[in-house]
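Position chain D relative to chain S; hints supplied.
Chains S and D, in that order, are what the protein sequence lines are. With the working numbering, letter number 83 in the first sequence gets 83, and the count goes up by one each step, no holes. With the working numbering, letter number 91 in the second sequence gets 91, and the count goes up by one each step, no holes.
One or more hints might be untrue.
One copy or two, it doesn't matter: identical chains are merged, so the pair holds either way.
[Stated by the list, open to error] Cut-off 25 Å, straight-line C-alpha distance, at most; resulting in silico cross-link-like pairs (SDA-like, lysine to any residue):
1. LYS154 - GLY327
2. LYS154 - VAL85
3. LYS105 - ARG65
4. LYS105 - ARG324
5. LYS248 - HIS235
6. LYS34 - LYS220
7. LYS220 - VAL46
8. LYS290 - LEU173
9. LYS290 - GLY77
10. LYS95 - TYR289
11. LYS248 - VAL177
12. LYS248 - LEU293
13. LYS34 - GLY309
14. LYS154 - SER134
15. LYS95 - GLU44
16. LYS302 - SER151
17. LYS95 - GLY52
18. LYS302 - ALA78
19. LYS290 - SER159
20. LYS96 - ALA298
21. LYS95 - ARG295
22. LYS96 - LEU293
23. LYS241 - GLY175
24. LYS96 - ARG295
25. LYS302 - GLY158
26. LYS241 - ASP174
27. LYS154 - GLU264
28. LYS248 - HIS183
29. LYS248 - ALA298
I should point out that these hints are in silico values taken from the structure, not numbers from a laboratory. Fair warning: this is a prediction, and the values are worked out from it, not measured in the lab.
Number of protein chains: 2
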Amino acid sequence: MTHTGNIMVGIDMGGTSLRALVVSPENEILAVDKTATNPAQKPEGVIADIAGLVEDVVRAAGITRSALAAVSIGAPGAVDTEHGVVYHAPNLGWKKVALAAKLQKLLHVPVFVDNDVNVGVVGEHALGAGQGTSELIGIFVGTGIGGGFISGGKLYRGSRGAAAEVGHMVIQLDGPVCGCGNHGCAEALASRTAMERDVRAAIKKGEKSIIPKLMEERGKDRMTSSIIQRALKKHDPLMQKVISRAQKYLGILVANVVNLIDPECVVIGGGIAERLGESFVEPIRETAYKYFLRRHDARRVKILPGTLGDNAGALGAVVLARQRLAGAR
Amino acid sequence: MTHTGNIMVGIDMGGTSLRALVVSPENEILAVDKTATNPAQKPEGVIADIAGLVEDVVRAAGITRSALAAVSIGAPGAVDTEHGVVYHAPNLGWKKVALAAKLQKLLHVPVFVDNDVNVGVVGEHALGAGQGTSELIGIFVGTGIGGGFISGGKLYRGSRGAAAEVGHMVIQLDGPVCGCGNHGCAEALASRTAMERDVRAAIKKGEKSIIPKLMEERGKDRMTSSIIQRALKKHDPLMQKVISRAQKYLGILVANVVNLIDPECVVIGGGIAERLGESFVEPIRETAYKYFLRRHDARRVKILPGTLGDNAGALGAVVLARQRLAGAR
Numbered sequence: 001m002t003h004t005g006n007i008m009v010g011i012d013m014g015g016t017s018l019r020a021l022v023v024s025p026e027n028e029i030l031a032v033d034k035t036a037t038n039p040a041q042k043p044e045g046v047i048a049d050i051a052g053l054v055e056d057v058v059r060a061a062g063i064t065r066s067a068l069a070a071v072s073i074g075a076p077g078a079v080d081t082e083h084g085v086v087y088h089a090p091n092l093g094w095k096k097v098a099l100a101a102k103l104q105k106l107l108h109v110p111v112f113v114d115n116d117v118n119v120g121v122v123g124e125h126a127l128g129a130g131q132g133t134s135e136l137i138g139i140f141v142g143t144g145i146g147g148g149f150i151s152g153g154k155l156y157r158g159s160r161g162a163a164a165e166v167g168h169m170v171i172q173l174d175g176p177v178c179g180c181g182n183h184g185c186a187e188a189l190a191s192r193t194a195m196e197r198d199v200r201a202a203i204k205k206g207e208k209s210i211i212p213k214l215m216e217e218r219g220k221d222r223m224t225s226s227i228i229q230r231a232l233k234k235h236d237p238l239m240q241k242v243i244s245r246a247q248k249y250l251g252i253l254v255a256n257v258v259n260l261i262d263p264e265c266v267v268i269g270g271g272i273a274e275r276l277g278e279s280f281v282e283p284i285r286e287t288a289y290k291y292f293l294r295r296h297d298a299r300r301v302k303i304l305p306g307t308l309g310d311n312a313g314a315l316g317a318v319v320l321a322r323q324r325l326a327g328a329r
Numbered sequence: 001m002t003h004t005g006n007i008m009v010g011i012d013m014g015g016t017s018l019r020a021l022v023v024s025p026e027n028e029i030l031a032v033d034k035t036a037t038n039p040a041q042k043p044e045g046v047i048a049d050i051a052g053l054v055e056d057v058v059r060a061a062g063i064t065r066s067a068l069a070a071v072s073i074g075a076p077g078a079v080d081t082e083h084g085v086v087y088h089a090p091n092l093g094w095k096k097v098a099l100a101a102k103l104q105k106l107l108h109v110p111v112f113v114d115n116d117v118n119v120g121v122v123g124e125h126a127l128g129a130g131q132g133t134s135e136l137i138g139i140f141v142g143t144g145i146g147g148g149f150i151s152g153g154k155l156y157r158g159s160r161g162a163a164a165e166v167g168h169m170v171i172q173l174d175g176p177v178c179g180c181g182n183h184g185c186a187e188a189l190a191s192r193t194a195m196e197r198d199v200r201a202a203i204k205k206g207e208k209s210i211i212p213k214l215m216e217e218r219g220k221d222r223m224t225s226s227i228i229q230r231a232l233k234k235h236d237p238l239m240q241k242v243i244s245r246a247q248k249y250l251g252i253l254v255a256n257v258v259n260l261i262d263p264e265c266v267v268i269g270g271g272i273a274e275r276l277g278e279s280f281v282e283p284i285r286e287t288a289y290k291y292f293l294r295r296h297d298a299r300r301v302k303i304l305p306g307t308l309g310d311n312a313g314a315l316g317a318v319v320l321a322r323q324r325l326a327g328a329r
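Just chain S, with the same shape it has in the complex:
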């Protein structure tokens, strides 16, 4: 089978790993590869790793690099999408890195860069849970809480490119302090980081939980999504209590956003939603509907878990790159 034309590589850059997909013009995944990122590495080292990963995944797909139309990357931080510059990516320790220009020099194909949550939301809209909708909100719950907003079928960026920061919506004015310095942001109440903080505080106060043992067994120093999943499977009462509270906050967050934007669909993505799926989203949905101002047709607004899992970001990056190549750049 030969593929000509619009084959692309999509890359999702995380704080700990790189994931690359070769994607056909029909949005089939032709090959997948991933590699760990070393946060101690300088940007040049990471960019060389990305170039190597592209070479590998293209080879795995059985095509030549010259058949590639573009490489498109979702990066964890603030991005100047016009120039492909990563302004600030705290998880990578990056400031003002000209990612597109540098990678383009190594690979000799056009490189596009966007924010990791934006590409994830575009992926779920174009190819995942939100297919066929015109107005969509994506909320990604992980270390933080990020969001993206599709309006008229396209990514909405706002007047300063600062739209859809759902994680910093204040919903509990006197709540816990957030990484941003304010109090009571959704991220400070319902992210994985917030849940871990609550679990640790409860254990310190003497509450019983299987979580420390699970973390030790699996050699984790963080309460990852897989630890959360395992603790829930074992009916750990502390984990159940903490996640229920986070789900209530997330339900209110969803309702606040829906009461403002009134989208057709809200997609809940990110690591926890990916692992737990419907069982994570169901309590969020029920709380959200209760907080909708207009309740008689509340259920016309779908609230769904993402369906693309790990591939949402890389697929969305490819979709965005296609739009940019099609339009005047």
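Quick look at chain D alone, frame taken from chain S:
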């Protein structure tokens, strides 16, 4: 001076009064008239009053009714704009009133109906504080808190026509109960009704205030915007405390909305903003900027008091009617 063509009457329906403007094709106000509404009246009586008001204001402008291109109304409640039906207007005691059809029968001109906050926001966008912007949020503070959202220069209605309900954004999860049944909505914290509740509770607890005396002198049983203005002029400490708290909540509300929509401009309208202007908006603005996630260019987002005062709604209704007559209805 003769006016031909696109002359329209815009009407702002309040719970207690009707205000009508005759507006030229160049958006000059040619005549103003108003009349009280009697809430005990049936819808038919109010609609007859509206027809009479239109006759009067058209006569005052020195034109004939046949020169009118349309009458356009902002109504306080949920409106089916397609059919000109007021679904539910609690302040008027209306349910499913075919306002457009009934008024059209009396006046023999096209009649358009939209929500009162929507028309106010369109007015401020087209002719007031938000002129020239493409993305704008209007927040109107009065008995309740309403909002409207301009996107791409046009009123954004959302997928169910339920967008921009800023008043029911939860910002203090365990806060006071709201008219909608939830707790801690912005409206339950910072509307005129919420401020009056807080003033009454403080007085009951023994706090000194000039407000009861002002209300008695002026024969008011509600803490109107004019009472608020007067109490502040007299440096009433309770009024200062209560309005400062409301301004803080409103600042957080503005920031929550900006962190999501990232507009070019936020216009604060409604009775209190109209009376107090910049002195009402300034503390809201300063709190809002502190809660913006992206602060380095925060001040690119303008936060302004409305400039059209009482005329915002009627003018906006005319602007919307022009758009609808120009497009395919």
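Going through the hints against the structure:
{"no.": "1", "hint": "LYS154 - GLY327", "in the structure": "both (13 Å within a copy, 23 Å between copies)"}
{"no.": "2", "hint": "LYS154 - VAL85", "in the structure": "within (21 Å within a copy, 32 Å between copies)"}
{"no.": "3", "hint": "LYS105 - ARG65", "in the structure": "within (14 Å within a copy, 71 Å between copies)"}
{"no.": "4", "hint": "LYS105 - ARG324", "in the structure": "within (20 Å within a copy, 52 Å between copies)"}
{"no.": "5", "hint": "LYS248 - HIS235", "in the structure": "within (19 Å within a copy, 42 Å between copies)"}
{"no.": "6", "hint": "LYS34 - LYS220", "in the structure": "within (20 Å within a copy, 71 Å between copies)"}
{"no.": "7", "hint": "LYS220 - VAL46", "in the structure": "within (24 Å within a copy, 70 Å between copies)"}
{"no.": "8", "hint": "LYS290 - LEU173", "in the structure": "both (21 Å within a copy, 14 Å between copies)"}
{"no.": "9", "hint": "LYS290 - GLY77", "in the structure": "between (33 Å within a copy, 21 Å between copies)"}
{"no.": "10", "hint": "LYS95 - TYR289", "in the structure": "between (40 Å within a copy, 24 Å between copies)"}
{"no.": "11", "hint": "LYS248 - VAL177", "in the structure": "both (18 Å within a copy, 18 Å between copies)"}
{"no.": "12", "hint": "LYS248 - LEU293", "in the structure": "both (17 Å within a copy, 23 Å between copies)"}
{"no.": "13", "hint": "LYS34 - GLY309", "in the structure": "within (15 Å within a copy, 59 Å between copies)"}
{"no.": "14", "hint": "LYS154 - SER134", "in the structure": "both (8 Å within a copy, 17 Å between copies)"}
{"no.": "15", "hint": "LYS95 - GLU44", "in the structure": "within (12 Å within a copy, 66 Å between copies)"}
{"no.": "16", "hint": "LYS302 - SER151", "in the structure": "both (16 Å within a copy, 23 Å between copies)"}
{"no.": "17", "hint": "LYS95 - GLY52", "in the structure": "within (22 Å within a copy, 66 Å between copies)"}
{"no.": "18", "hint": "LYS302 - ALA78", "in the structure": "between (29 Å within a copy, 22 Å between copies)"}
{"no.": "19", "hint": "LYS290 - SER159", "in the structure": "between (32 Å within a copy, 19 Å between copies)"}
{"no.": "20", "hint": "LYS96 - ALA298", "in the structure": "between (43 Å within a copy, 20 Å between copies)"}
{"no.": "21", "hint": "LYS95 - ARG295", "in the structure": "between (45 Å within a copy, 17 Å between copies)"}
{"no.": "22", "hint": "LYS96 - LEU293", "in the structure": "between (42 Å within a copy, 19 Å between copies)"}
{"no.": "23", "hint": "LYS241 - GLY175", "in the structure": "both (18 Å within a copy, 22 Å between copies)"}
{"no.": "24", "hint": "LYS96 - ARG295", "in the structure": "between (46 Å within a copy, 17 Å between copies)"}
{"no.": "25", "hint": "LYS302 - GLY158", "in the structure": "both (24 Å within a copy, 14 Å between copies)"}
{"no.": "26", "hint": "LYS241 - ASP174", "in the structure": "both (21 Å within a copy, 18 Å between copies)"}
{"no.": "27", "hint": "LYS154 - GLU264", "in the structure": "both (14 Å within a copy, 19 Å between copies)"}
{"no.": "28", "hint": "LYS248 - HIS183", "in the structure": "both (18 Å within a copy, 14 Å between copies)"}
{"no.": "29", "hint": "LYS248 - ALA298", "in the structure": "within (17 Å within a copy, 31 Å between copies)"}
Every hint, counting from the list given before, is met by this structure.
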